[in-house]
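Colleague: Chains as they are written, first to last, in the numbering used here: chain A, 1 to 115; chain B, 1 to 113.
If you are wondering where the hints come from, they were derived from the structure by calculation, not from laboratory data.
All C-beta atoms in this analysis are idealised placements derived from N, C-alpha and C, irrespective of residue type, glycine included.
What you were told as hints is all true, and nothing was included just to trick you.
Partial selection, computed: residues in chain A whose CB lies under 8 Å from chain B:
| no. | residue |
| --- | --- |
| 1 | Glu-44 |
| 2 | Leu-45 |
| 3 | Phe-47 |
| 4 | Arg-50 |
| 5 | Phe-91 |
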Amino acid sequence: AQKVTQAQTEISVVEKEDVTLDCVYETRDTTYYLFWYKQPPSGELVFLIRRNSFDEQNEISGRYSWNFQKSTSSFNFTITASQVVDSAVYFCALRPNTGFQKLVFGTGTRLLVSP
Amino acid sequence: DSGVTQTPKHLITATGQRVTLRCSPRSGDLSVYWYQQSLDQGLQFLIHYYNGEERAKGNILERFSAQQFPDLHSELNLSSLELGDSALYFCASSAWGDTGELFFGEGSRLTVL
Numbered sequence: 001a002q003k004v005t006q007a008q009t010e011i012s013v014v015e016k017e018d019v020t021l022d023c024v025y026e027t028r029d030t031t032y033y034l035f036w037y038k039q040p041p042s043g044e045l046v047f048l049i050r051r052n053s054f055d056e057q058n059e060i061s062g063r064y065s066w067n068f069q070k071s072t073s074s075f076n077f078t079i080t081a082s083q084v085v086d087s088a089v090y091f092c093a094l095r096p097n098t099g100f101q102k103l104v105f106g107t108g109t110r111l112l113v114s115p
Numbered sequence: 001d002s003g004v005t006q007t008p009k010h011l012i013t014a015t016g017q018r019v020t021l022r023c024s025p026r027s028g029d030l031s032v033y034w035y036q037q038s039l040d041q042g043l044q045f046l047i048h049y050y051n052g053e054e055r056a057k058g059n060i061l062e063r064f065s066a067q068q069f070p071d072l073h074s075e076l077n078l079s080s081l082e083l084g085d086s087a088l089y090f091c092a093s094s095a096w097g098d099t100g101e102l103f104f105g106e107g108s109r110l111t112v113l
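Start from the sequences and build out the full structure, keeping to the hints where you can.
Modeller: The structure is reproduced here in structure tokens:
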């Protein structure tokens, strides 16, 4: 069975603070994909990143960085120098690499960045 | 803009009614997925179509049905609506053979009164 756990329901920070959103997953598959999506107040789901289970290199994109650790089944997301526009709900998701399988989402972490 | 178009964006209806939500996938994408997002259930997979054929079913109620047409657009039909069906319904698409990311539309917000 596939499962994604985002234990942090809501995080509040002040602008310019760094913040890390945790994601822990469970799967019996040997190959899979992990994702992060952002859902701003307007409601749409915006794709942020995809990571293949064979690629454990960390990735940085501007103020965003992702730390994938297979040994702990974690795929954490860090926002450096947070901004008000980062306020959103962030979802971590898992998808097995076996055909046309659905994404399994975590419950999301609401990030509130205040000025 | 993801390239996935959903209509209507908002819909208010009464219990017992039937509604149809429409989705146009990204150009060239053969796969369409439907998800339901509610406060108590989170993001739940409903159903997946690939090139007109149903490929996978998730937690979709028998009162709900979907189809994908030859032009690849998809419709989600919700009937005998109940208060608990109020939710944000997302459509997503992906390319053939792609095991990567899904591209989501802006969602259709359904309110059942």
